[in-house]
Amino acid sequence: MIKFTRFSLDNGLRIIVHEDRSTPLVAMNILYIAGSRDEDPDHTGLAHLFEHLMFGGSVNIPEYDIPLQLAGGENNAFTNNDITGYYLTVPSENIETGFWLESDRMLELNFSQENLDIQKNVVIEEFKQRYLNQPYGDAMLKLRPLAYKVHPYRWPTIGMDISHIEKTDLSQVKDFFFTHYAPNNAIITLTGRITPALAYDLSVKWFGPIDKRAVNKRELPVEPAQTEERILSLEKDVSSNALYKAWHVGPRTGENFHTVDLITDILAGGESGRLYTKLVREKNLFNEINAYTTADIDPGLVVITGKLMKGIDPLFADKAINEVINNLKNRAVGVYELNKVKNKFESSMVLSNTSVLNKAMSLSYYELLGDADIINNEIDFYKAVTTEMILETAQKYLIPSNCSTLFYNSTRND
Amino acid sequence: MNKLQRIQPPLLPVETGLIPEARICFLRNKIPVYLIKAGTEDITRMEFVFRAGQIKEYLPLLSSTTNMMLTEGSQNYSSEELNQKFDYYGSQINLSSEKDCAGFTVYFLGKHIKKILELSREVLFRPVFPHKEFNILTRKRIQWYRLHRERVQNLAMDKFFESVFGKHHPYGKQIVEGDFETITPELLMDFHSKYYRPENMAVIVSGRIHKNMIDFIDSCLGDLNPQKIYIEDSKSYLQGGKTKKIKIQKPGAVQSAIRIGSTTINKRHPHYPGLKVLNSVLGGYFGSRLMKNIREEKGYTYGIYSSLSSFDLSGFKVISTEAGKKNSQKTIDEIYKEIRLLQTRPVKKEELSVVKNYMSGEMVRMFDGPFALAESFKAVWEFGLDNAYYYRLAEKIKSIDPDEIIELAQTYYNIDELYEIIAG
Chain A
56 MIKFTRFSLD NGLRIIVHED RSTPLVAMNI LYIAGSRDED PDHTGLAHLF
106 EHLMFGGSVN IPEYDIPLQL AGGENNAFTN NDITGYYLTV PSENIETGFW
156 LESDRMLELN FSQENLDIQK NVVIEEFKQR YLNQPYGDAM LKLRPLAYKV
206 HPYRWPTIGM DISHIEKTDL SQVKDFFFTH YAPNNAIITL TGRITPALAY
256 DLSVKWFGPI DKRAVNKREL PVEPAQTEER ILSLEKDVSS NALYKAWHVG
306 PRTGENFHTV DLITDILAGG ESGRLYTKLV REKNLFNEIN AYTTADIDPG
356 LVVITGKLMK GIDPLFADKA INEVINNLKN RAVGVYELNK VKNKFESSMV
406 LSNTSVLNKA MSLSYYELLG DADIINNEID FYKAVTTEMI LETAQKYLIP
456 SNCSTLFYNS TRND
Chain D
652 MNKLQRIQPP LLPVETGLIP EARICFLRNK IPVYLIKAGT EDITRMEFVF
702 RAGQIKEYLP LLSSTTNMML TEGSQNYSSE ELNQKFDYYG SQINLSSEKD
752 CAGFTVYFLG KHIKKILELS REVLFRPVFP HKEFNILTRK RIQWYRLHRE
802 RVQNLAMDKF FESVFGKHHP YGKQIVEGDF ETITPELLMD FHSKYYRPEN
852 MAVIVSGRIH KNMIDFIDSC LGDLNPQKIY IEDSKSYLQG GKTKKIKIQK
902 PGAVQSAIRI GSTTINKRHP HYPGLKVLNS VLGGYFGSRL MKNIREEKGY
952 TYGIYSSLSS FDLSGFKVIS TEAGKKNSQK TIDEIYKEIR LLQTRPVKKE
1002 ELSVVKNYMS GEMVRMFDGP FALAESFKAV WEFGLDNAYY YRLAEKIKSI
1052 DPDEIIELAQ TYYNIDELYE IIAG
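Which chain is which? The protein sequence lines are A and D, in order.
The numbering of the first sequence is the working numbering, which starts it at 56 and goes up by one.
The numbering of the second sequence is the working numbering, which starts it at 652 and goes up by one.
Just so you know, the hints here were simulated from the structure itself, not pulled from any lab data.
Here the structure is a predicted model, which is why all the values come from computation and not from measurement.
Some hints here could point you the wrong way.
Said to hold, decoys possible - Calculated pairs, DSS-like style, for lysine-lysine (alpha carbon to alpha carbon, straight line, at most 30 Å): (1) 175/A to 977/D; (2) 943/D to 175/A; (3) 762/D to 397/A; (4) 976/D to 222/A; (5) 783/D to 365/A; (6) 896/D to 886/D; (7) 943/D to 229/A; (8) 988/D to 175/A; (9) 783/D to 333/A; (10) 791/D to 365/A; (11) 397/A to 736/D; (12) 333/A to 736/D; (13) 58/A to 688/D; (14) 898/D to 175/A; (15) 365/A to 762/D; (16) 898/D to 949/D.
I would like the entire structure built from these sequences, with the hints used as guidance.
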């Protein structure tokens, strides 16, 4: 049971505190409700580039990192489709430094052309290192626009293309800040060695004076239902063939999210998942195979990715995946197997809660989903999933007309 | 708005404090069990460590393959059954084989301890190395290997180890595809019977420690028979290659991977804590000189780091980065420039205090929570050291001055001795 206190300031900032005196540290997580889905299709990658700029100094503090390091702290950040998360851990005696730093960059950044130019270069190198200079690194850049035709999930967080990053200018950056970075568009969580009373006082002191801002109203195009199977084949200079499949599913807060999540665990959770057992161990068609749900706030995807063994025909391998899927749709999953994936979820939740930082990130995210207390009762939603629900949900979503398949083929004949 | 005077809050000194000690118990057969009680959740991490790393190999891949085959079938369970059971009890398992040690770590909820111990014994002491699973694993690994060799980072790092430790030593030997053909299940059985032995192992338990945990472990592993068997360790010498600068071409690469470094002292050496501080200044944290100069000021790379690692018989330091091809020579020049600066000009007080405070905070994080404690414990235990090492490090972080940093940079970063590997 994770106990927490929750309050909000007049400017709309929401704050959650979970005191854990088993650690000498405090973790602070700030979730901004801004992600790559909030980008203009002609300027993708901006949310992530912006995350980099958040470390270039703020209105009263020339550099973010040095004071935090002097306080014995450490920090990082991430951007995804839906949110941008900033987090730090610091020995509890210096937590006020965290408030000072984070509130100042929420107040206003030090926007400089020089910093923008450097971070554009850094992000372009990141684009190359993680997506272009890696075998299969661009697969999701190809699969997303196959699955999504209008919704912004059709581009990845890094951006659709390097040229989008190159042409970003300072006015776009400023505009993004004032329309997305606001106390009324953020959730802060503090976990570890801090009392709710101290957290409240420090929040009022440092974040209280920041004015509410007019946050862009999100009006995203709704992805129309897919009506026929989509297939894309690519030829690339990689060592072996790979296969990517995606099916549309509901949103993270939808009624069958937990069922969908367990379905992907039945398919590929751990070494005993069905895809691994059938297609890697038994038939030796794949070298590795995985399945997951993207768990996005707007309707997301179930994705299967697999790397084929040498000499295996991709169409044959695809057929073998479909057989495993059909089996899930035709025959109810046994109680033992269902309990297995539920047990696995339970322990992964407990494992995640052993870290103050994970707890802070989870609490912020659950609050965004509607209630931080989901951290304590989400397990019940998983426990309530029945074999019938698995069957129905698989039949509903895992159908060919809802599926996009990317054949990522090797041009080599060795 | 903003009536608040935004004055920086006072900074308080960060203290490492007392590091929790592991309690040691021995099973009937003298297997040592280290217990580290910590954390708020009913979850336990149990690590079984064996002196069965690459250093014991008389053929490449023996250590890693033996380790990876542990969960692929035992006397009482098939591969499928083993994996299914570990999953059913919600556990998370990690197999690992490194340069010196190899083993198995399992995370589980308290209520499943008996089952998990039974399964662990199967995996560790009753593996059967079935041919079918072995063949599947080998075929998978050949493909992984080919993929591994596609990445410039790996091409550079493999060559780095070979250059620094020598191509015949287990620390330096590069795998070639043909190595996969020479391994057989019989060789794995032989390796297993020599090195996965009760007299050659320890158990490190952390997290929630239930009252009768040690009795459970004893009833599961205490009856294994230790015996002194004579094994002749292979005689291979650490000897770096003659060529210091190596370029590996990789057509089509858009970035070059750069690795610059050499062997160095390990944790047992009295200068090691000071070298840790020097490493941080150079490239050991986000505010380091390399990161500031080459990423934050020049934008040549997404990241650049220097690190210091210890092995039983040696250690190494390495600076690693990937940079766009047109900037790779400029990046290398800047790396040497930064090293020379550290050898000639004293680090300013302000910068040194950032490093000191950052490292003190790092030390707090190293002992935060049950799993971090277990990892920190193992990291010194492996070298026959104990928490005294960490207290020495904490002391050195506080006391080191700019002169000592110059001295260390001159002694340990002789540019003529550094290997420089570029792939891409």
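| query | Going back to the hint list, which numbers does this structure go against? | reply | Structure breaks hint 15 only.
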